[in-house]
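Construct the entire structure; sequences and hints are all you get.
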Amino acid sequence: MYIGLLIVGDEILSGKRQDKHLARVIELLRARGMELSWARFVGDDEADIADALRWAIARGDVVLSCGGIGATPDDRTRQAAARAFAVPIERHAEAEAIIVGQYGAAARPNRVLMADFPRGAGLIPNPVNRVAGFYCGDCHFVPGFPEMAWPMLEWVLDTRYPQLHRGSPPVEYRLRVLGSSGEGDLLPLMEDTLARHPGIKLSSLPFRGDATRQRQIEFGFKGEAAPAAAACRHFREGLRAFDGVQIEWLHEPPRPD
Numbered sequence: 000m001y002i003g004l005l006i007v008g009d010e011i012l013s014g015k016r017q018d019k020h021l022a023r024v025i026e027l028l029r030a031r032g033m034e035l036s037w038a039r040f041v042g043d044d045e046a047d048i049a050d051a052l053r054w055a056i057a058r059g060d061v062v063l064s065c066g067g068i069g070a071t072p073d074d075r076t077r078q079a080a081a082r083a084f085a086v087p088i089e090r091h092a093e094a095e096a097i098i099v100g101q102y103g104a105a106a107r108p109n110r111v112l113m114a115d116f117p118r119g120a121g122l123i124p125n126p127v128n129r130v131a132g133f134y135c136g137d138c139h140f141v142p143g144f145p146e147m148a149w150p151m152l153e154w155v156l157d158t159r160y161p162q163l164h165r166g167s168p169p170v171e172y173r174l175r176v177l178g179s180s181g182e183g184d185l186l187p188l189m190e191d192t193l194a195r196h197p198g199i200k201l202s203s204l205p206f207r208g209d210a211t212r213q214r215q216i217e218f219g220f221k222g223e224a225a226p227a228a229a230a231c232r233h234f235r236e237g238l239r240a241f242d243g244v245q246i247e248w249l250h251e252p253p254r255p256d
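Residue numbers for the sequence shown follow numbering that gives the first Met the number 0, beginning at 0 and rising by one.
Honestly, the hints are just simulated from the structure, not real lab data. The reader is advised that the hints may include incorrect statements.
To be verified - Distance ranges between label pairs, derived from CB positions:
| hint | residue 1 | residue 2 | range |
| --- | --- | --- | --- |
| 1 | R165 | R239 | 27 to 35 angstroms |
| 2 | A105 | F144 | 36 to 44 angstroms |
| 3 | L122 | D47 | 24 to 32 angstroms |
| 4 | G119 | P205 | 45 to 53 angstroms |
| 5 | R129 | P197 | 43 to 51 angstroms |
| 6 | R29 | P205 | 24 to 32 angstroms |
| 7 | F144 | D242 | 56 to 64 angstroms |
| 8 | F206 | A85 | 23 to 31 angstroms |
| 9 | V244 | L21 | 33 to 41 angstroms |
| 10 | L186 | A46 | 22 to 30 angstroms |
| 11 | E146 | P72 | 48 to 56 angstroms |
| 12 | F40 | D242 | 41 to 49 angstroms |
Where is the CB? At the ideal position from N, CA and C, for every residue including glycine.
Shown next, in the form of C-alpha cells:
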C-alpha cells in the first residue's frame, strides 16, 4: 500500500506558518521500515480537500491528513472527508462523551462540534487534550498541532498498520557516472535494469557540467537490500559496454547476507 501525506491549511500556503509535518512523518515511517509515497499541500477549501481525498481513495492509498479538523468556520476537513466518502456528517457519541468529560459544561455548544464526523468514522486517540481525531477507511485525520498530530499518527501506524512495518528499511545504492554523453545513451540500460528487477526505484540526476566539474549523472537504486544490490550490480555491469565511462561510488549500504 502506498502511504501519502495531506497537509491542510491556508496558513501553510500563505507562508504564515512553516510546515513541520513532512519531515517528521518521513522519520516516523522510516523508523518502521516504511516510506512516504507522496505529499500534497491543500488550502482550507472543502472542495479541494475532497478532491485530494477522492484521488487517494481511488488509488487505495493510506492517507495521513494533518490540519483542519477544528470547530472554526475555516476548518473544513471533516466536511470534506464526508463529501469524499459520500456520507453525511453526524455527531459521534463516543467522541462527544470524551469532549464533555474533558471540558464539562464548557464543552457545549462549540467544542462538541469537533465530534461531528463522517458517518461510520473511527476514533484516533489524542494524548494531549483527548479531543479525538478520526479515520474513514484508510484515510486518517489529525489536528495540525504537531504536539498532537505526531503521537496520533504513531498510533495510526502502530495500531492500524503493523502489517506494513518492515524490520529493515529500504536501502539506496548511489553512484556517479562520468564520460557518458547524456541520459539518452543510458536509457535502454535503465529500462532493462528496471525490467529485470521489479520493485526497485531508479533515480537519475544529470549535471551538464561547468568550469569546475565535467558532465555527469548521479544514479540511485532504492528498494529492499538484496534486490537493490542486484539492480545496481546489473547496471554497473551494463556500463562496461560504453567506452570511457567512469564510475564513482557515492553511497554503498552494507551488503546483504
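Results for each hint:
| no. | hint | in the structure |
| --- | --- | --- |
| 1 | R165 to R239: 27 to 35 angstroms | 33 angstroms, holds |
| 2 | A105 to F144: 36 to 44 angstroms | 19 angstroms, violated |
| 3 | L122 to D47: 24 to 32 angstroms | 25 angstroms, holds |
| 4 | G119 to P205: 45 to 53 angstroms | 49 angstroms, holds |
| 5 | R129 to P197: 43 to 51 angstroms | 46 angstroms, holds |
| 6 | R29 to P205: 24 to 32 angstroms | 27 angstroms, holds |
| 7 | F144 to D242: 56 to 64 angstroms | 58 angstroms, holds |
| 8 | F206 to A85: 23 to 31 angstroms | 48 angstroms, violated |
| 9 | V244 to L21: 33 to 41 angstroms | 36 angstroms, holds |
| 10 | L186 to A46: 22 to 30 angstroms | 40 angstroms, violated |
| 11 | E146 to P72: 48 to 56 angstroms | 24 angstroms, violated |
| 12 | F40 to D242: 41 to 49 angstroms | 46 angstroms, holds |
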